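K.L.:
Whenever a hint applies, use it, and build me the whole structure from the sequences.
Listed here are the chains, written in short residue letters.
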Amino acid sequence: MITTTKEAEATVVNVTIREAKFDKADHFHSELVQLIDRGEKNLVLDFSQVTYMDSSFLGALVSSLKYALAKKGEILVVGLNKDIDNLFRLIRMDKVFKIFPRVPEALHFFHER
Amino acid sequence: MSAEKTISRKYTYHLNAPLLPFTDQVTSDLNELASGAISAEIVFNLRHILAELIGNARKHAQEPVAEFEVTLAPGYLLIQRLDHGKPFELPGHGCPPYAEDIHQQVVSIYSDSLSQVSAKVLDAHTLLFVSEDLDLTPDDEASCLLEHFGLLLISKSAENFWYKYDPEQEANRFFVQLSIGRY
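Chains as they are written, first to last, in the working numbering: chain A, 1 to 113; chain B, 114 to 296.
It is worth saying that the hints were derived from the structure and are not from the lab.
Note that the structure is predicted; figures quoted are calculated from it, not measured.
We put the CB at the ideal spot given by N, CA and C, even for glycine.
Warning: the hint list may mix true and false statements.
Below, a sample of chain B positions facing chain A; criterion: calculated Cβ distance under 7 Å [said to hold, decoys possible]:
no., residue
1, F157
2, A164
3, L227
4, L258
5, G263
6, L266
7, K269
P.N.:
Okay, here's the thing in structure tokens:
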């Protein structure tokens, strides 16, 4: 479901599923928690391969963010297509997650922090 | 875009079936009924509303199917979902029939620092869901955010969203109305 690349500023998590739905939500959350527990607390989640997301998956994402913040980490989001970006804005998740167009902008955020 | 007459289609969705082929089928049928005049925004809202209604049925229905009826009418689109599962439990007030002393009152279902979802109790068997944006201050912690967005997503996508329990049929009916005149 995910592949990771360790960069100097953060770990880039490439989400490799096309449909991010309820049936994948728990597994996705577990994978992120494992990364955070390994000390990779700053994550850039790249959703550029994801074409659809439902609210259950978004709930898993919020849960992962809460876990990361509790461990003094951060989760940034990149590569949202128009529909998923609209979904984030509709339920105001754009107020919760820092959203960037692409990975380099997110890494730059961590670099400048 | 406005339909000239009222047209309905019924669907039976098996709760273990893949989601997206079903939502694609409904939106495609609707577009056909409306001669291709359904906007991208309506399609976006409709897909998410169907997905959330199915997600709700998966959690609460006590049978393997959910019945849908989609009605295209002049100026609006109405989506109905019917199941025979457990009736909607209003926090602090239980299942229908809802007590008379809370009729016409608004009861909070859930809220966090971003949003609140409530239900206005219209009568013993009917709830009207409403959502409200709240102010997230810079000091608010994400730790208090809720992780369930189904009712919020539907109520924010729809013009009207209500629930009616039919005690004779022991049936739950959810109704979601989308205005199509404004697009």
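K.L.:
All the hints need checking, so say for each whether the structure fits it.
P.N.:
These are the hints, each one checked on the structure:
Evaluation of the B:F157 hint against chain A yields a held restraint, the C-beta minimum of about 6 Å falling below 7 Å. Contact between B:A164 and chain A, as hinted, is supported at the beta carbon level, the nearest pair being about 5 Å apart and thus within 7 Å. Checking B:L227 against chain A: minimum C-beta separation of about 5 Å stays under 7 Å; hint holds. About 6 Å separates the beta-carbon of B:L258 from the nearest beta-carbon of chain A, less than 7 Å, and the hint is met.
At its closest, the beta carbon of B:G263 sits 5 Å from a beta carbon of chain A; the interface hint therefore holds under the 7 Å criterion. Given the 7 Å rule on beta carbons, the hint for B:L266 holds: about 5 Å separates it from the nearest Cβ of chain A. Proximity of B:K269 to chain A holds as hinted, the smallest CB-CB distance being about 6 Å (cut-off 7 Å).
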